[in-house]
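**Q** Sequence:
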Amino acid sequence: MWKITSVLNRRDPAMEEAQNLEALLHGFPLFEHLEPGQLAKLIPAVRFKGFKDEEIVCHCPDAFHDAFVLFNGVVAVSRKKGEILHVLHLEKPGAVFNIGPLVGLGQEEAGVRALGNVEIVALDTQMLKPMLERDPKLGFALACNLSRLALNQLQRQIERYLE
0 MWKITSVLNR
10 RDPAMEEAQN
20 LEALLHGFPL
30 FEHLEPGQLA
40 KLIPAVRFKG
50 FKDEEIVCHC
60 PDAFHDAFVL
70 FNGVVAVSRK
80 KGEILHVLHL
90 EKPGAVFNIG
100 PLVGLGQEEA
110 GVRALGNVEI
120 VALDTQMLKP
130 MLERDPKLGF
140 ALACNLSRLA
150 LNQLQRQIER
160 YLE
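Using numbering that gives the first Met the number 0, you'd call the opening residue of the sequence shown number 0 and step up by one each time.
Be aware that a few hints might be false.
[Stated by the list, open to error] Okay, the calculated beta carbon distance ranges per label pair:
(1) R155 x P43: 24 to 34 angstroms
(2) K51 x K136: 12 to 22 angstroms
(3) L84 x I42: 15 to 25 angstroms
(4) D134 x D52: 33 to 43 angstroms
Keep in mind the hints are simulated off the structure, nothing from the lab.
Values in this document were obtained by computation on a predicted structure and should not be read as measured data.
Backbone N, C-alpha and C fix where the C-beta goes; we use that ideal spot for every residue, glycine too.
Produce the entire structure from the sequences given, and follow the hints as far as they go.
**A** Shown next, in the form of structure tokens:
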């Protein structure tokens with residue numbers, strides 16, 4: 000009996016960190032409507048990164064195959080189509096960028112630069128793809144959230160362009 004209670008009373012830092020990360024991710028629009036068990040499956044593919052003002056977050060195509068979620072700060076995402084360069088500032092926590100690898104569209108031609116201090120969540124798409132294939136319900140929920148976020152960002156970009 001003593002052994003069981005001593006194990007139960009012992010704190011597991013790795014478990015606490017996973018629970019904290021799970022609670023943090025739950026607040027992001029990308030992870031809305033996901034069950035706690037589904038969020039827990041995503042944790043191995045998630046890394047937090049910080050960047051200083053004017054530091055390059057990524058040159059796309061990204062060599063690490065990461066998709067990104069803005070956690071805090073503002074980033075400038077630039078895309079070149081033909082001879083025209085489009086720049087979109089993302090400042091809302093939960094905004095997504097470089098999502099092509101995650102949805103099977105390949106790499107996007109873009110660059111991302113930090114405007115001020117920025118924190119992002121990087122999702123390793125090569126690690127996520129097999130997870131999503133093994134759990135189609137998780138893949139569907141994540142794809143729905145991702146599509147909604149991408150559509151909202153596109154609408155904002157069109158509105159800014161028309162101003």
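**Q** Compare the structure with each hint and give your call.
**A** Verification of the hints:
no.: 1; hint: R155 x P43: 24 to 34 angstroms; result: holds (32 angstroms)
no.: 2; hint: K51 x K136: 12 to 22 angstroms; result: violated (39 angstroms)
no.: 3; hint: L84 x I42: 15 to 25 angstroms; result: violated (36 angstroms)
no.: 4; hint: D134 x D52: 33 to 43 angstroms; result: holds (39 angstroms)
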